[in-house]
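Enquirer: With the hints as extra help, turn the sequences into a complete structure.
Take the sequence shown: its position 190, counting from 1, is numbered 190 in UniProt numbering, and each next residue is one higher.
Don't read these hints as lab results, they were simulated from the structure. Please note that the accuracy of each hint is not assured.
[Stated by the list, open to error] Calculated pairs, DSS-like style, for lysine-lysine (alpha carbon to alpha carbon, straight line, at most 27 angstroms): (1) K196 - K139; (2) K68 - K92; (3) K360 - K342; (4) K196 - K70; (5) K110 - K140; (6) K319 - K360; (7) K50 - K110; (8) K308 - K322; (9) K50 - K180; (10) K305 - K323; (11) K322 - K305; (12) K308 - K320; (13) K110 - K70; (14) K196 - K149; (15) K70 - K92; (16) K319 - K342; (17) K305 - K264; (18) K264 - K196; (19) K50 - K92; (20) K320 - K342; (21) K139 - K181.
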Amino acid sequence: MMLQSNYVNELRRGGPFTVLAPDDEAFQSISNQEMQRITGDPDARLALLKHHIIPHTVCLPAVIDTHKMKAVDGERLQLACNQSGVYVEDAKVAKDQIIAQNGVISVISKVLIPDRARSVMSLLARRPEQVSTFNRLLKKSGVESYLTKPNITVTVFAPSNFAFNQMPEEEFSLLDEDQKKLEELMKHHVVVGRVKTESISDDQKVDSVDGENALRLKVYRNEVGVESAILEEQDIEGQNGVIHIINRVLTPPSHSIMELLQSKEEYSTMADAIHHVQEFEPHFLSSVTNHSFTMFAPTNDAFEKLGKDNLHSLMKNRKKLKKMVQNHVVDNMFATGSIHTKLQYNVQTEYQTVKVHKEKDGLMVNSAHVIEPDVVTRDGIVHCIDQVLVPERRRRKS
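Expert: Next up, the structure:
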């Protein structure tokens, strides 16, 4: 394998190294299918080799405690000792080392397979404390077979167990009852090709394999997001793809912003206000722009706080109405997970700047409370608020 990868020249030129050499039985314990998968992929094969090389000399028989050392591939290996001997991960180390001119060789009882040489399904299975629910639902939905197809690479946005626990119980129960809905949901979390965070641009769209919905990728100040979720663990790279563990389940959106407001009675006043603006500006919030917006949507109760006369006057004044509506629309999409406590964010709406900050009892936009955050739509995201964001009067320059 080392000759096949042409890595032997690297070992001849450099050093000192510690080479962890699996014995013949170690290789025989790996299935032919898995071995062919690894050796048939030059990148996976090279990653496997590098995972067995430590870039300095280690006297393994002398190890008496637990240590972590970085292999050439960048992953850390755990060295430990117990009554039965010295181990690298779960591979037992032979007592005698072979001394070479530029390092040492230690024979080990198992092949150490790095993440880069594992399949996506194998990587998910190795993280039960993080993604066991997602892994189970992938198998139940049948989407697992898509992820194991030969000659295909994928990116999987895997919701954590905590993310599934946050789902309403009734909604989660439906996934076990409705096979078609479950399959659609699982496919919505999978993208063809490797999407690593280093290549993501803000508001980038990638098509999920559900065949209908694109996923919108976000680059925030300190995080990367997808739809309303934040990536908790990024770029877990395997042989046939990449996994990002996310903090929310991605539900395919069924409405545009305007359709959502029109479908819920509590938003009817805001829907009417937008409709009036669209009468003289037809492309306002139009899906033809292929753009994603953030909408701070006041409830009907929020509008009633303005007073009946003020509300009536606002609806009749085309200029003021447009400014008011624009003050609730951000020409970009952001999820509440990107907002950190003790920080204030000046967010530019289509009219003025609003101040967004997070307190113990939730998110605030100016003095308005966000009472229902992160409702994802086809053209953006809606945060429901309990006050109207009345534009500040601009002083005239003297």
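Enquirer: Take the hints in turn and mark each one as holding or not.
Expert: For each hint, the structure was consulted:
1. In summary, the hint linking K196 to K139 is supported, as the alpha carbons are separated by about 24 angstroms, within the 27 angstroms threshold.
2. With a C-alpha separation of about 16 angstroms, the suggested pairing of K68 with K92 holds against the 27 angstroms cut-off.
3. At most 27 angstroms may separate the alpha-carbon atoms for a hinted pair to count; K360 and K342 meet this at roughly 10 angstroms.
4. Taking the CA atoms of K196 and K70, the gap is near 22 angstroms; set against the 27 angstroms cutoff, the hint holds.
5. The hinted pair formed by K110 and K140 fails the criterion: a straight-line CA distance of about 32 angstroms is larger than 27 angstroms.
6. Restraint check: the Cα-Cα separation between K319 and K360 comes to about 37 angstroms, which exceeds 27 angstroms; the hinted pair is violated.
7. Taking the CA atoms of K50 and K110, the gap is about 15 angstroms. The hint holds against a cut of 27 angstroms.
8. Of the pairs offered as hints, the one joining K308 and K322 holds, with about 19 angstroms between alpha carbons and a cut-off of 27 angstroms not exceeded.
9. For the proposed pair K50 and K180, the alpha carbon gap of about 43 angstroms is over 27 angstroms, so the pair is violated.
10. Between the alpha carbons of K305 and K323 the distance comes to roughly 18 angstroms, so the proposed pair stays at or under 27 angstroms and holds.
11. For the hint linking K322 to K305, the alpha-carbon distance of about 19 angstroms falls within 27 angstroms, and the restraint holds.
12. Distance hint between K308 and K320 is fulfilled; the C-alpha atoms sit about 16 angstroms from each other, no more than 27 angstroms.
13. Distance hint between K110 and K70 is fulfilled; the C-alpha atoms sit about 18 angstroms from each other, no more than 27 angstroms.
14. At roughly 21 angstroms between alpha-carbon atoms, K196 and K149 fall within 27 angstroms of each other, so this suggested pair holds.
15. For the hint linking K70 to K92, the alpha-carbon distance of about 18 angstroms falls within 27 angstroms, and the restraint holds.
16. Taken as a hint, the K319 and K342 pair is broken in the structure, with Cα atoms around 36 angstroms apart against an allowance of 27 angstroms.
17. The suggested pairing of K305 with K264 holds, with an alpha-carbon distance near 19 angstroms, which does not exceed 27 angstroms.
18. With a CA separation close to 38 angstroms, the supplied pair K264 and K196 exceeds the 27 angstroms bound.
19. Of the supplied pair hints, the one linking K50 and K92 holds, its CA atoms being roughly 19 angstroms apart against a limit of 27 angstroms.
20. This hinted pair does not check out: K320 and K342 have alpha carbons roughly 33 angstroms apart, beyond 27 angstroms.
21. Distance check on the hinted pair: K139 and K181 sit about 14 angstroms apart at the alpha-carbon level, within 27 angstroms; holds.
Hint compliance for this structure: hints 5, 6, 9, 16, 18, 20 are not met, and every other hint is.
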